[in-house]
Amino acid sequence: MGTALRTLRASGNAVLDLAQMSLREVNQFLHDTDNGDFLIRNSRGAHSLACGLDGDMSVTIDGHVGYYCAGMNKRAHVTVNGNAGTGLAENMMSGRVHVKGDASQSAGATGCGGLLVIDGNASARCGIALRGLDIVVKGSVGHMSAFMAQAGSLVVLGDTGDALGDSLYEARLFVRGTVKSLGADCVAKEMRDEHKIALRKLLDDAGVSGADVAEFKRYGSARSLYHFHVDNAGQY
Amino acid sequence: MCGIAGLFLKNDALQGDLGRMTGAMLRELCDRGPDSAGFAVYGGQAQGTKLCMVSRNGAIDWSAIARRLSDAIGADVAVEEIEDHAIFKTMGAGEIARKWLIDNVPAAYVLSQGQRIEIFKGVGNPAAIMDRLDFEARTGTHAIGHTRMATESAVTVAGSHPFSTGDDTCLVHNGSLSNHNRLREQLVRQGERFQTDNDSEVAAAYLASRMRAGDTLKGALENGLRDLDGFYTFVVGTRDGFAVIRDPIACKPAVIAETDDWVAMASEYRAIAPLPGAENAKIWEPAPATVYAWSRAA
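Chains as they are written, first to last, in numbering that gives the first Met the number 0: chain A, 0 to 235; chain B, 0 to 297.
Chain A extracted, bound-state conformation:
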């Protein structure tokens, strides 16, 4: 590690400038760190930025990011002041990832835990194969969102594209706007008090004020596909 990096690390708070440091240096620096506040500049759509973090740190990225930003995140809070490319917060474990712009496809894919907040829109396959992560999208999501989602939640304040929740397991989906179409085995379900309480907490955690839980509909699995039944063989 160079002198400049040692100085940065000693301070516990730092500006990491991708015009001065390589992507690998920035990520390695964050991997070697357990806490502090960090600002990343000149991201310019770089891939794999702030991936694999595991510490009680706060990382703000001042610009747009490319593919796989904040993948596998544990504990860290990552904020992107811009848009994110494919695979945002993929396989996230815990902590919080907040994108202030839009996210491209497969945002939060296979996420196990924590909270992912997208202020803008997310495109296709948002929350695909979700396994426990909570996702709140303040805009709309694209087609095939929550495909095969097993656990966790997807909250959408806007609309959804085609085939929401196709082949869904036990993830909970809440949509305020219009659902273009539901995927196989995904159905509208009753919004009971326990769901309203859970949704209210998700909205509060995501910093959403002014949205009434009564405006949302809940969707979930009809559970007719994932227990194999020979009568459904044609549907697979």
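Honestly, the hints are just simulated from the structure, not real lab data. Please note that the accuracy of each hint is not assured.
Claimed, not checked - In silico contact screen, one side only, chain A against chain B (beta carbon under 10 angstroms); selected entries: (1) Gly-44; (2) Thr-85; (3) Asp-101; (4) Ser-103; (5) Val-186; (6) Ala-187; (7) Ala-197.
Claimed, not checked - Anything over 10 angstroms on all C-beta distances counts as not near chain B; from chain A, calculated: (8) Met-20; (9) Asp-36; (10) Ala-45; (11) His-63; (12) Ala-128; (13) Asp-203.
As the list claims (entries may be wrong) - To spell it out: a stretch of chain B is covered by chain A in this simulated footprint if at least three of its residues, at any positions, have a beta carbon under 8 angstroms from a beta carbon of chain A; those stretches are: (14) 257–269; (15) 275–288.
Here a beta-carbon is modelled for each residue, glycine too, at the ideal position from N, C-alpha and C.
Model the placement of chain B on the given structure of chain A, informed by the hints.
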């Protein structure tokens, strides 16, 4: 994989920078398509028709070919040589000249034909191809570039994108088509001339044939949603227009950015980042099965 970059200028003051701006975009996409590359530039309007050609292999006596073409079409043909490429300029009928060249000059590929379009292609690292052909010095109103990672057919100069089969029309493609053989047969019966086995050339010929039959660029792309089966993000250039479309599944990436000065499309935002004013551009991901089109004529 493949990388696409397209730039459509709205501010005429930037025309002198078109090659440099598009080149900066493509340099960010070399790793998405390291095996070959190509570029279409819509430059100043020529008197008559420009035909761009590239040698298949080794040196070619372009002047001798130009003399033969001149005799065949009954019009003068001027030659400009750029490395292994040549640009023929003639007041004769461009469509007839193109067919004559394809039928009579097996040592070369015809890359484009039109009043404004010029296409250049090469095999190898895209940045090195741009340097060799001095692409970044080129000027004009809009340009489309492609860096290729071949999937459907061989890595050759002719298999590089853009593909052009119609007057001042070209297409670049990220993806793969599954019904291109059947469609190629239909188009051949209608008189289309193909120079490769590439699926993307079929898409280019399909769109050119639809537009010759009266479709607008937007209409041709919408018909393509029905007739082209497979994965694609296309960028299409015409004499005065530029359009982007993704198939209904939208697996292949695309980002569009627009300012008062330009519209840019790229496979990834990092290719847009080098453009002046990118940080304040309106940026969005094109929706599936939706045509986005701009025209200088409108």
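We went through each hint and held it up to the structure:
About 3 angstroms separates the beta-carbon of Gly-44 (chain A) from the nearest beta-carbon of chain B, less than 10 angstroms, and the hint is met. At about 6 angstroms, the closest approach between the beta carbon of Thr-85 (chain A) and any beta carbon in chain B falls short of 10 angstroms, and the interface hint on this residue holds. Against a cut-off of 10 angstroms between C-beta atoms, the interface hint on Asp-101 (chain A) holds, since the closest Cβ of chain B lies about 7 angstroms away. With a least beta-carbon distance of about 6 angstroms to chain B, the hint placing Ser-103 (chain A) at the interface is held under the 10 angstroms criterion.
A cut of 10 angstroms between beta carbons decides the hint on Val-186 (chain A): the least distance to chain B is about 24 angstroms, and the hint is violated. Taken as an interface hint, Ala-187 (chain A) does not check out: its beta carbon lies about 24 angstroms from the nearest beta carbon of chain B, beyond 10 angstroms. Annotation: interface hint on Ala-197 (chain A) violated; nearest CB of chain B at approximately 30 angstroms, more than 10 angstroms. Against chain B, the non-interface label of Met-20 (chain A) holds: every CB pair exceeds 10 angstroms, the least being about 17 angstroms.
Look at Asp-36 (chain A): its CB is around 23 angstroms from the nearest CB on chain B, clear of 10 angstroms, so calling it non-interface holds up. A beta-carbon of chain B is positioned within 10 angstroms of the beta-carbon of Ala-45 (chain A); the least distance is around 7 angstroms. Under the 10 angstroms C-beta cut-off, the non-interface status given to His-63 (chain A) relative to chain B is violated; the minimum distance is some 5 angstroms. In this structure Ala-128 (chain A) is separated from chain B by more than 10 angstroms, as the shortest Cβ-Cβ distance comes to about 16 angstroms.
For Asp-203 (chain A), the requirement that its beta carbon stay farther than 10 angstroms from each beta carbon of chain B is met, with the minimum near 29 angstroms. Here the stretch 257–269 of chain B counts 3 residues with a CB under 8 angstroms from a CB of chain A, which clears the bar of 3, and the coverage holds. With 6 residues carrying a beta carbon less than 8 angstroms from a beta carbon of chain A, the stretch 275–288 of chain B meets the three-residue requirement, and the given coverage holds.
Hints 5, 6, 7, 10 and 11, counting from the list given before, are not met by this structure.
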